[in-house]
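Given chain Y's structure and the hints, the job is docking chain D onto it.
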Amino acid sequence: MIERDVLERVLAGAVRGGADFAEVYAEDKRSTSAGLDDGRVEQVTSGRDRGAGVRVVAGETTGFAYTSDLSEPGLAAAAAAAATAAKQGGGGVRTVALTPSAPHRPNTVQQDPDTIAKAMKVELLQRMNDAARSHGPEIVQVSAGYGDSRKQVLVANTDGVLTDDEVVRTLLRVSAVADGDTGMQTGYQSMGHTIGFEVFDTVDVEELAREAARQAITKLRARPAPSGTMPVVIEHGTGGVLFHEACGHGLEADHIHKGASVYAGKVGQQVASPLVTLVDDGTMPGEWGTLGFDDEGHVTQRNVLIEDGVLTDYMWDYLRARKDGRPQSGNGRRQSYQHLPMVRMTNTFVLDGPDDPADIVSSTPHGVYVAKLGGGSVNTASGDFVFGMTEAYLIENGEITEPLRDGNLIGNGPKVLADIDMLGDDFAMGSPGTCGKDGQGVPVGDGQPTLRVKSLTVGGTSS
Amino acid sequence: MSAFESELQAVADRVVEQARPGEQVEAFVARGGETEVRVYQGDVEHFVSAQSEGIGIRVIHEGRTGFAYAGTLEESAIAEVLAEARDNVQFGTVDEWAALAEPDGVPVTEQELWNERLAEYPTDDKIDLAKQLEKLASGTDPRVRVDDANYADAHGESAVASTTGIRMSGRENGCYVSVSTLADEGEGDDAETQTGFGFSVGRSPDEFDLDRAAREAVDRATRLLGATQPPSKRLTVVLDPFVTAQFLGVVSSTLNGEAVVKGRSLFRDRVGEEVASPLVTLVDDPTNPLAYTATDVDGEGLAARRNVLIDGGVLRQFVHNSYSARRAGTVSTGNATRGGFAGTPGVGCLALSLVPGTRSQEELIADVDDGLLVQQMQGLHSGVNPVSGDFSTGAAGLLIENGTVGAPVREVTIASTLQRMLLDIVEVGGDIDWLPMRSAGMSLVIRDVTMSGS
Chain Y
1 MIERDVLERV
11 LAGAVRGGAD
21 FAEVYAEDKR
31 STSAGLDDGR
41 VEQVTSGRDR
51 GAGVRVVAGE
61 TTGFAYTSDL
71 SEPGLAAAAA
81 AAATAAKQGG
91 GGVRTVALTP
101 SAPHRPNTVQ
111 QDPDTIAKAM
121 KVELLQRMND
131 AARSHGPEIV
141 QVSAGYGDSR
151 KQVLVANTDG
161 VLTDDEVVRT
171 LLRVSAVADG
181 DTGMQTGYQS
191 MGHTIGFEVF
201 DTVDVEELAR
211 EAARQAITKL
221 RARPAPSGTM
231 PVVIEHGTGG
241 VLFHEACGHG
251 LEADHIHKGA
261 SVYAGKVGQQ
271 VASPLVTLVD
281 DGTMPGEWGT
291 LGFDDEGHVT
301 QRNVLIEDGV
311 LTDYMWDYLR
321 ARKDGRPQSG
331 NGRRQSYQHL
341 PMVRMTNTFV
351 LDGPDDPADI
361 VSSTPHGVYV
371 AKLGGGSVNT
381 ASGDFVFGMT
391 EAYLIENGEI
401 TEPLRDGNLI
411 GNGPKVLADI
421 DMLGDDFAMG
431 SPGTCGKDGQ
441 GVPVGDGQPT
451 LRVKSLTVGG
461 TSS
Chain D
1001 MSAFESELQA
1011 VADRVVEQAR
1021 PGEQVEAFVA
1031 RGGETEVRVY
1041 QGDVEHFVSA
1051 QSEGIGIRVI
1061 HEGRTGFAYA
1071 GTLEESAIAE
1081 VLAEARDNVQ
1091 FGTVDEWAAL
1101 AEPDGVPVTE
1111 QELWNERLAE
1121 YPTDDKIDLA
1131 KQLEKLASGT
1141 DPRVRVDDAN
1151 YADAHGESAV
1161 ASTTGIRMSG
1171 RENGCYVSVS
1181 TLADEGEGDD
1191 AETQTGFGFS
1201 VGRSPDEFDL
1211 DRAAREAVDR
1221 ATRLLGATQP
1231 PSKRLTVVLD
1241 PFVTAQFLGV
1251 VSSTLNGEAV
1261 VKGRSLFRDR
1271 VGEEVASPLV
1281 TLVDDPTNPL
1291 AYTATDVDGE
1301 GLAARRNVLI
1311 DGGVLRQFVH
1321 NSYSARRAGT
1331 VSTGNATRGG
1341 FAGTPGVGCL
1351 ALSLVPGTRS
1361 QEELIADVDD
1371 GLLVQQMQGL
1381 HSGVNPVSGD
1391 FSTGAAGLLI
1401 ENGTVGAPVR
1411 EVTIASTLQR
1421 MLLDIVEVGG
1431 DIDWLPMRSA
1441 GMSLVIRDVT
1451 MSGS
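Chains Y and D supply the protein sequences, listed in that same order. Heads up: the first sequence begins at 1 in the numbering used here, then just goes up one per residue. Heads up: the second sequence begins at 1001 in the numbering used here, then just goes up one per residue.
Only true hints are included.
Under the rule of at most 27 Å between Cα atoms (straight-line distance), these lysine-lysine pairs were calculated in the DSS-like manner: (1) D:Lys1131 with Y:Lys87; (2) Y:Lys323 with D:Lys1131; (3) Y:Lys258 with Y:Lys437; (4) Y:Lys258 with D:Lys1131; (5) D:Lys1135 with Y:Lys323; (6) Y:Lys437 with D:Lys1135; (7) Y:Lys258 with D:Lys1135; (8) D:Lys1262 with Y:Lys118; (9) Y:Lys151 with Y:Lys29; (10) Y:Lys437 with D:Lys1131; (11) Y:Lys266 with Y:Lys437; (12) D:Lys1135 with Y:Lys87; (13) Y:Lys258 with Y:Lys87; (14) Y:Lys415 with D:Lys1233; (15) Y:Lys454 with D:Lys1233.
Just so you know, these hints were derived from the structure itself, not from any lab.
Extracted from the complex, chain D is given alone in its bound form:
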């Protein structure tokens, strides 16, 4: 969120003013809108235009917490939400650490998260962008069809206020285009279809690179045509930047302060120890304006900040919100997350990245004798257990032999454990890509991973 005095602040303030003696009250108020255009075969398939708003209220009294929300800002509904949150307090267990965040004096790094150009962008031009992208993606390779082409934007403003002195409001907007492709080859029983996708994100449509989005969608769909299932073996994997970003997302859950204080992180007792290859320096930095998820403030209204989590392979710290920090005997790292008005703050990395190396993906591959360039991972939610560290996902990509990429493979899994994979990182690529996720990507080389196939 970019600092901006929203009229929603007054709504939040009015709730907090109703706090009774001994009560801590926090109100989070949000309002937003979205536009979504889907184009298929030159026509608009659907066009969605909508607004929504709501409020979430948290009440803490004598160590017990209650919460309620409603998807409306009508006065009577707000009164009902406050009453429900108060009623819910009695059912919580007394928790000596339960308390709202307090201002910590860390200055806010201002971010440019609101773009006036996007706010005024004409609707017809948004539709045209999706049509252009569909045309670009369908015109380059006769094997490729477009499944759908999309334009989407969203804008939101929010305000938070609390009896502990938090008072913050802001707004942001953003947009993206995306395209899904299908590539066909063969006839009858040999007929085969593979899929691809491409996207481009921006603070305004002026930042889009439609050509790159179309090219990547075509490449992703066609490069796996003719893929077969190879025999199982142990090898070195080179992860594509997009795949690395997904991998870092899994790693981040083990560095979550809430998982640590509740004994669910496999790194809970390892601060100061070597948990990764010396090449690994992992930083969460939402103040970096290049990050897609850059933000001024976290979900509790504290300043977002740069935190080094792993430094040269050594675990330095976890990320915390005010609750997990209090339990861990430390201070918030500005990592409260909030999914909207319907929930209370959690803990999480906000904009994670490895410090990149220097070499390109081609140079990394040139050093691999026997490996797999992983271009797709499937099933990260089902085959990875961040508590035990067991890691197993579906994968597709290209085999690497003696430094060059060769045949495409599909229907394989790659498996190891998170603990081993971090230690087995051989090189971090220099090809950093700020993707529309909470993690940035770059090529990453990990040795001794099991590929399961036929």
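Just chain Y, same shape as in the assembly:
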């Protein structure tokens, strides 16, 4: 995308005023998306986003500027703006010598989406529409979306780092509306992977659509969710968002440094039930949060955050690791070249426990079984978090019974982690997610085995 000698000159120019560090992050992304709604392919969209962000760090201050002009004058202008913004004093000439990193490609892309005819992409939507609608006469509306992108990323910095990476993403989503005597209900399914079109050799798109339809139809006979505190069982492969919110964000080093996390100062301490081992791993082949290098050019890796309930480490980006004089963990990420990097999760999941999932339900006399979770959010300082349930059932006498209407669950992170009293041996990864933080969204993955929280507040209306 940009020649090495150009990068070296731009970086040297950026630190000429005496700054500690400068970085160029450049990306070139081509994307295709298609949407079907109300029986029609409404539109196919092609997009091109290309540009570079230049970051200059002087002491505790970061200056940042971006440009869509990748020529040497364009990059130099952005570097000058970032350097001015960082307002460094001092001076002196530094040369920058970049050493390309060995390639790190956790994903093997067989069918680049650019090489696939748009008609084949659109056809997937038609198939999902037909499958959802033919699942039952209750289905009155279906919307489906397809998206792919190929993003080339280049990172170079004054520490000599030079990496390039290519991230391919393929995404499919479908939502169905069912109508009945009790009003309308919705069902939703999605799948996303960091590989190409070959994903559809193994993913059954009709099944995805039928699943969304089934969910919506099931909820037509749902009763209001209960109100109050009770045991909650969460099905495997859907509850990763619980850990993402209950502790993931709280383990990001930027929150730790500012004393804005309930987990600050707790490394080495028991912060969760001994059943819980929590991992953030940016190298899992094909998963939604997988990258070769993070957005600061640091190779992604597998980081154990909680082991047998004991907090082992936080997640780190360049700035926070530098401040603590320790290595980065491959968690520096950004939404695009227009954004500053910060500490973010990749694929965050809990490892298998000892329990048979069937036993988890049968040993619960009364509670709620959550088959599908929606989104969530957390206040890292207080630890209070919420997450939505979009498919849930009552558990009565150890059996899953009636479906429940949508609602939120609310809990406090450290309390909920301690209250996990059963953990299944049926680990599964969940649906692709977009994690929002400080106005930036990045793709993340999550996963977990079936588990039980012995006490969680369910926000329904039924006493």
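Same frame as chain Y, now just chain D:
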């Protein structure tokens, strides 16, 4: 956008001139810049200064639509975008209603959306504003720390042109300061931290009220210290203005003409019926200069206008862009939304507000025997289903007993359905606050809501 002949208009015009016979072509061109300063402990933590630009082109041919965009205005890239949009047309399904907006003769209400003072405001003064705010918020209560203090501004200009005769350009700018706070209390296992935020927005920094922003950030963080989880019960809730604005944002999605024509609105067959308490008159009025999202024109280049959606509890109309209006057999209400050059217009309320009542929040609370003053809602995106109407969100606030506020509570949810909540509105406060959102806020009293706790 405020009417202003932008040089971008020529870029849009040149694309439209290339339309082939039978083609409808629309070009939307935008350029903008932003400054963002974050201050922490008296130093600049980061300073962002950047410019961006781009173009989106929509082509409709024989009822099929194609779209493409690029984040650059280079001539060769624009040609590529037009070619891609044309190529994409063939994959769309024929839609008899697909067409671009046409000028409808509704006059534009001019707005003052460009402020020269902000455009010339010195950079060092912007940094000072963030530093001042940090100082104000950290100096008033020993329990309170500042997480970050920010100054941000943005300016943008855009132009749209189409083969159907739309030709409009404009520009606007705006700025805000904000501060996030942390309040600590207790030691060891009893240690507790709560968070708060405060902000002030303006067309120029001269309009900022830093004292109020700092005071609110301190109040929000400290008022929940010592909060506990109360037992579940049904009660009356009084929503703070900020929370009401969020609630109205959810309500607005049910009044969206696109959701109506596609059968996804729970109010789709209810025009002319009573859907809310008689106290509820809901108006979308982007021509009101007090609204943060005030605008002259909508995302398709039609004049923005005042629309009464619910009048005395009776549903009067939905909001539409030209496509949803055509399908519904009506005309656009000037409610096309556009998120930027990378997307095609959607439908949405632009500046929503309830017609305010007359009484203050204190007076409203004085009439509540058993209730909850909701100061925070969490998880509106995850626990509210605007299609079914199920409503459940995390909440925090103060209990109300016999007309006075008492103990703080946290880790509760409040739940009902959107349908019931609109009918259960007991009073609309007079304390209207034009917040930096698409909805204004005021205190709102809703009865018979379930609070879930221990």
